[in-house]
Amino acid sequence: MVTRKKTGRRHPLASTALLLIGLVAAGGASAAVSTIANASPAPESAHSQALTVEDGAELFRANCASCHGMNAEGTEHGTSLIGVGAASVNFQVMTGRMPMAFQGPQALQRDPQFTQEQSDAMGDWVASLAPGPERPAEEWLDTSAVSDEEIANGGVLFRINCAMCHNLAGAGGALTEGKFAPPLHDIDAAHIYEAMLTGPQNMPVFNDNNIAPEQKREIIAYLHYLDDNPSVGGFDLGALGPVSEGLFIWIFGLGGLVAVTVWLTSKPN
Amino acid sequence: MTTTAPRTSFTAQASNYLDERTSISTMVAALGRKVFPDHWSFMLGEIILYSFVAILLSGTFLTFFFEPSMTAVHYEGSYVPLKGVEMSAAYASTLDLSFDIRGGLLMRQVHHWSALLFVAAIGLHMLRVFFTGAFRKPREINWVVGFILFILAMAEGFTGYSLPDDLLSGNGLAIINGMIKGIPLVGTWISYLLFGGIFPGDDIVPRLFVLHIMLLPALVIAFIGIHLVLMVVNKHTQFAGPGKTNDNVVGAPIMPLFAAKAGSFFFIVFGFLVAIGSTFTILPVWDFGPYDPSPVSAGTQPDWYIGFADGALRLAPGLESEIFGLTLSWNILLPIAVLGLFIVLVMFYPFIEAWITKDKREHHIAERPRNNPTRTGIGAAGVWFYAVLWAAASSDLIATHFHLNVFQVTWALQAALILGTIIVYWLTKRIALALQKKDREILLHGYESGNIRRLPGGEFIEVHEQLDEYSAWKLKAYESYAPVMVRPNAKGRITPATHLRAALSRWFFEDRIEPITRSEIEASKHDH
Numbered sequence: 001m002v003t004r005k006k007t008g009r010r011h012p013l014a015s016t017a018l019l020l021i022g023l024v025a026a027g028g029a030s031a032a033v034s035t036i037a038n039a040s041p042a043p044e045s046a047h048s049q050a051l052t053v054e055d056g057a058e059l060f061r062a063n064c065a066s067c068h069g070m071n072a073e074g075t076e077h078g079t080s081l082i083g084v085g086a087a088s089v090n091f092q093v094m095t096g097r098m099p100m101a102f103q104g105p106q107a108l109q110r111d112p113q114f115t116q117e118q119s120d121a122m123g124d125w126v127a128s129l130a131p132g133p134e135r136p137a138e139e140w141l142d143t144s145a146v147s148d149e150e151i152a153n154g155g156v157l158f159r160i161n162c163a164m165c166h167n168l169a170g171a172g173g174a175l176t177e178g179k180f181a182p183p184l185h186d187i188d189a190a191h192i193y194e195a196m197l198t199g200p201q202n203m204p205v206f207n208d209n210n211i212a213p214e215q216k217r218e219i220i221a222y223l224h225y226l227d228d229n230p231s232v233g234g235f236d237l238g239a240l241g242p243v244s245e246g247l248f249i250w251i252f253g254l255g256g257l258v259a260v261t262v263w264l265t266s267k268p269n
Numbered sequence: 001m002t003t004t005a006p007r008t009s010f011t012a013q014a015s016n017y018l019d020e021r022t023s024i025s026t027m028v029a030a031l032g033r034k035v036f037p038d039h040w041s042f043m044l045g046e047i048i049l050y051s052f053v054a055i056l057l058s059g060t061f062l063t064f065f066f067e068p069s070m071t072a073v074h075y076e077g078s079y080v081p082l083k084g085v086e087m088s089a090a091y092a093s094t095l096d097l098s099f100d101i102r103g104g105l106l107m108r109q110v111h112h113w114s115a116l117l118f119v120a121a122i123g124l125h126m127l128r129v130f131f132t133g134a135f136r137k138p139r140e141i142n143w144v145v146g147f148i149l150f151i152l153a154m155a156e157g158f159t160g161y162s163l164p165d166d167l168l169s170g171n172g173l174a175i176i177n178g179m180i181k182g183i184p185l186v187g188t189w190i191s192y193l194l195f196g197g198i199f200p201g202d203d204i205v206p207r208l209f210v211l212h213i214m215l216l217p218a219l220v221i222a223f224i225g226i227h228l229v230l231m232v233v234n235k236h237t238q239f240a241g242p243g244k245t246n247d248n249v250v251g252a253p254i255m256p257l258f259a260a261k262a263g264s265f266f267f268i269v270f271g272f273l274v275a276i277g278s279t280f281t282i283l284p285v286w287d288f289g290p291y292d293p294s295p296v297s298a299g300t301q302p303d304w305y306i307g308f309a310d311g312a313l314r315l316a317p318g319l320e321s322e323i324f325g326l327t328l329s330w331n332i333l334l335p336i337a338v339l340g341l342f343i344v345l346v347m348f349y350p351f352i353e354a355w356i357t358k359d360k361r362e363h364h365i366a367e368r369p370r371n372n373p374t375r376t377g378i379g380a381a382g383v384w385f386y387a388v389l390w391a392a393a394s395s396d397l398i399a400t401h402f403h404l405n406v407f408q409v410t411w412a413l414q415a416a417l418i419l420g421t422i423i424v425y426w427l428t429k430r431i432a433l434a435l436q437k438k439d440r441e442i443l444l445h446g447y448e449s450g451n452i453r454r455l456p457g458g459e460f461i462e463v464h465e466q467l468d469e470y471s472a473w474k475l476k477a478y479e480s481y482a483p484v485m486v487r488p489n490a491k492g493r494i495t496p497a498t499h500l501r502a503a504l505s506r507w508f509f510e511d512r513i514e515p516i517t518r519s520e521i522e523a524s525k526h527d528h
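Top to bottom, those sequences are chains R and P.
With the UniProt record's numbering, the residue at position 35 of the first sequence is 35, and numbering never jumps.
With the UniProt record's numbering, the residue at position 73 of the second sequence is 73, and numbering never jumps.
In isolation and in its complexed conformation, chain R is listed as follows:
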């Protein structure tokens, strides 16, 4: 029945193809432009000379004092930082939680606003006010020599101490009043260690009497093992457990098969 009347007519899919070509071209161009635009100038590693405690004090007064007070004594907007130690400063600053983006139930993680040197200088200054937890020594962060059994022990410690808030698979979890325990994927060893040592935000402190430095290293090794060995079963659907699995089977599993039933019972036109 259907006969092509004019050979000069465009193919019915021509407009779709044209649209696709246009979209691909526009998308490609915008991606290229944004890559060029985002090619940031070389990071400020130019002044790599060591910063002093005084520089740290300067940085602190310029960036932190509005909430924490000129001498870290605290104000109504922020707690006192006397005695929190260099470990706490490194964790808060280098995970981008401080300076805080806005007052909320919990400081959110973002790109760090300072270099490691600047953070260290501030940490040294805060540590000079009163003794507090030190930044961890390199030996407790180096997990290259941790044995398989120790990794397994790290898993046991993780399930007993951390899973209650951070979830068995380290996917994070909800706490009260809008607070939450963050997911633990791809986190720097120093930050994991410091979090356990200082108990930031709503996290309890796991001091060295509670979890020894060797055990902290085992926990870090366990978490990093999970990061380095992706799920053997295929795509992990966010590792959120039965909720994402249920949504998947309803939307894609059953949805896909319903589409097949519609196709199987469709009548030829």
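Bear in mind the hints are in silico, worked out from the structure with no lab data behind them.
Watch out, some of these pointers could steer you wrong.
[Said to hold, decoys possible] Cross-link-like lysine to aspartate or glutamate pairs, in silico, DMTMM-like; alpha carbons within 25 Å at most:
(1) Lys244(P) with Glu441(P)
(2) Lys83(P) with Asp236(R)
(3) Lys429(P) with Glu459(P)
(4) Lys83(P) with Asp55(R)
[Claimed, not checked] Each pair of labels, with its calculated beta carbon distance range:
(5) Pro293(P) with Val205(R): 54 to 62 Å
(6) Thr79(R) with Asn405(P): 17 to 25 Å
(7) Phe235(R) with Leu319(P): 50 to 58 Å
All C-beta atoms, glycine included, are put in the ideal place defined by N, C-alpha and C.
Keeping the supplied structure of chain R fixed, place chain P upon it in accordance with the hints.
Quick look at chain P alone, frame taken from chain R:
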């Protein structure tokens, strides 16, 4: 002229051989010409059946290697982060299935994904039957059989979920244990009976295993058998259409068309499940570690089909009262009572509706949902109620992923559970009535063609066109009910039950759109 004896083919000989020994031809003749109507929603039941076959096959493979025992062992398999950790033999053999037995992980994932699909397809199939009124006489009993299958499927799922004895499923069992112990007087005793002593004990995995692979599958197969036989006996419902009446079935016969279609659909479903099983992780038990009563994980959820019960626990108010030294935990008793009532209402809905409508006729035509607004409203409200409970099971994930306060999420869901159910009922009923009005309008005055004409006098009119016969039939073919009148019974009395029925019947059918009559059509023709 030579006569050659007609050479019979091999197939003919083989079928003859079979028939002489089994008389199978009578069955083929009877069943082969059985007709099934064609509609996509009539194939949902097939998804259930085929995913069940996938469950049986993969499950059989798993039983070859799974060790249903809670004996403590030290893991020596190849998964590093559990090396040397003490665990039950059940968990260790699940890890072996996942890491050290060829094809084991694939079979585990196919088994579990099929189970999720099995229950999901049951849900959708039930909704299809409910909203088209396919549960009405003579199919009420088959609805109950199907609903029992739904409960059995949930029981199968839950017992299977707990077998690996990992920390996540153990948390689930702990919740069940808590619920059982919350029942006054008998709770503690039932818990001791179930777990063979103090929770968790050493008996629960072998017990669940026996239920999971023997008792429950046998019941599921038996009920599927009853369900299918009743379906054949009652015949399948069909949607109204030209030539499709309450007294016939229009469609393809089993042999050969329907069988070919159904057979190929089986392979599609099976292949689809294997494709999902081989590309998507489901329940990575190795991440969770062995069960130990002390650790509890954030974000502990059951599989989706138990989610509504978990959600009910999360939404229940934390009330407690003490009577005669007995503590009544309303946060447990309330969900049990509400869910129990919900299940009973759904299970016996066909009988409830039949009593209200006083309708004793047989129905073989599937109703369009809009043509029974009150039932559709009830169904939509039920779906909403279930869905809110279901969403509540993931209240913590909703809170973390949308940066919300988990308390506020809970309050919002509590409000949605009660107010939302009422609003959804009312809204759905109104929408159904409006759709009926629209159908009526189209039948009487045609549909708007978008063609606007200017009359010589300057007036503009939009040309309405009439539907073709086939489409019009779909809109015309429905029956309307009138509320049951209060009438005295044989003894001349009006019982309270009669009053109740009349009230419920008014609720069902007071607002209704009557089907158009011939005279209305005739009258409408003169309008234009």
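### Query
Should the hint that Thr79(R) and Asn405(P) are 17 to 25 Å apart at their CB atoms be regarded as holding?
Given about 22 Å between the Cβ atoms, the range holds.
#### Entry: Given hint Asp55(R) paired with Lys83(P) - CA-CA distance at most 25 Å
Violated: Lys83(P) and Asp55(R) sit about 48 Å apart, past 25 Å.
#### Entry: Outcome of range test on Cβ distance (Pro293(P), Val205(R); 54 to 62 Å)
25 Å, violated
### Task
Verify the proposed pairing of Lys244(P) with Glu441(P), using a straight-line Cα cut of 25 Å.
24 Å, holds
### Query
Holds or violated: are the alpha carbons of Lys429(P) and Glu459(P) at most 25 Å from each other?
Answer violated: Lys429(P) to Glu459(P) is near 38 Å, above 25 Å.
### Task
Compare the distance between the alpha carbons of Lys83(P) and Asp236(R) with 25 Å, and conclude whether the hinted pair is satisfied.
23 Å, holds
### Task
Just tell me: holds or violated, for the beta carbon distance of Phe235(R) and Leu319(P) against 50 to 58 Å?
Cβ of Phe235(R) to Cβ of Leu319(P): about 43 Å, so the range 50 to 58 Å is violated.
The structure shown violates the earlier hints numbered 3, 4, 5 and 7.
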